[in-house]
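Engineer: From first to last, the protein sequence lines stand for chains U and R.
Using the numbering used here, read the first sequence as starting at 1 and increasing by one per residue.
Using the numbering used here, read the second sequence as starting at 109 and increasing by one per residue.
Everything labelled a hint here was simulated from the structure, so no lab data went into it.
Do not rely on the hints blindly, as some may be mistaken.
Said to hold, decoys possible - A short, non-exhaustive set of chain R residues, derived as facing chain U with CB atoms under 8 Å:
hint : residue
1    : Tyr141
2    : Phe153
3    : Tyr156
4    : Gly159
5    : Arg208
6    : Phe214
7    : Pro216
This one's a predicted model, so the numbers in the text were calculated from it and none came from an experiment.
We put the beta carbon where it would ideally sit given N, CA and C, even for glycine.
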Amino acid sequence: AQSVTQLGSHVSVSEGALVLLRCNYSSSVPPYLFWYVQYPNQGLQLLLKYTSAATLVKGINGFEAEFKKSETSFHLTKPSAHMSDAAEYFCAVSGYIFGTGTRLKVLA
Amino acid sequence: GAGVSQSPSNKVTEKGKDVELRCDPISGHTALYWYRQSLGQGLEFLIYFQGNSAPDKSGLPSDRFSAERTGGSVSTLTIQRTQQEDSAVYLCASSLGSTRSYEQYFGPGTRLTVT
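Using the sequences and the hints given, assemble the complete structure.
Structural biologist: Set out below in structure tokens:
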């Protein structure tokens, strides 16, 4: 069985501060991992995905995530938050197992 | 090219009525997924299709929920005898294949309100 846990349903950061959104997974087979973003009143879109080619994955809008097998983690980071990053972020494992989401608020 | 489309965008229905939600996937995408999104609940997987077959429908919450896909394209999700707890946004997504590595492309959703 596979599952995903996102720690923190709400995260607030100041504009310009580091963004760190946490995702831990459970999988009995090598996982494929995804981060999706849902901007207000918009559909979900892919931010980035891990498919075993490289442990550090770069995505759109300056986001990246690092696959750490020993920690079963795939945390999403961005060095400097922008107001436009305010959205809900979902981690997913192997296609269609999604976490409960983390809503990111960026403070001016 | 055209993305995933869903209709209607909003649906208000009375408790006990049946509703049908439609999804048009991206042309050429063989896999199609249905999810339910409720406040604080994240994305709840309902069912997925590979072609016209549904290898995994484990997420359908009750026998009031059913889905079909015809011609390897359009899919309908039917909810019979709707209940207030069925109120949510229903999302459809499609992907090039159903193997675990493919990313999904999402539609805008259908917001269902049961009164």
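Engineer: If a hint holds in the structure, say so; if it does not, say that too.
Structural biologist: Against the structure, the hints:
1. Here the hint on Tyr141 of chain R is kept, as its CB sits about 6 Å from the closest CB of chain U, short of 8 Å.
2. The interface hint given for Phe153 of chain R holds, since its Cβ lies 5 Å from the closest Cβ of chain U, which is under the 8 Å cut-off.
3. Contact between Tyr156 of chain R and chain U, as hinted, is supported at the beta carbon level, the nearest pair being about 6 Å apart and thus within 8 Å.
4. Evaluation of the Gly159 of chain R hint against chain U yields a violated restraint, the C-beta minimum of about 16 Å exceeding 8 Å.
5. A hinted interface residue such as Arg208 of chain R counts as satisfied when its beta carbon comes closer than 8 Å to some beta carbon of chain U; here the least separation is about 4 Å, so the hint holds.
6. Proximity of Phe214 of chain R to chain U holds as hinted, the smallest CB-CB distance being about 4 Å (cut-off 8 Å).
7. The interface hint given for Pro216 of chain R is met, as the beta carbon of that residue sits about 5 Å from the closest beta carbon of chain U, less than 8 Å.
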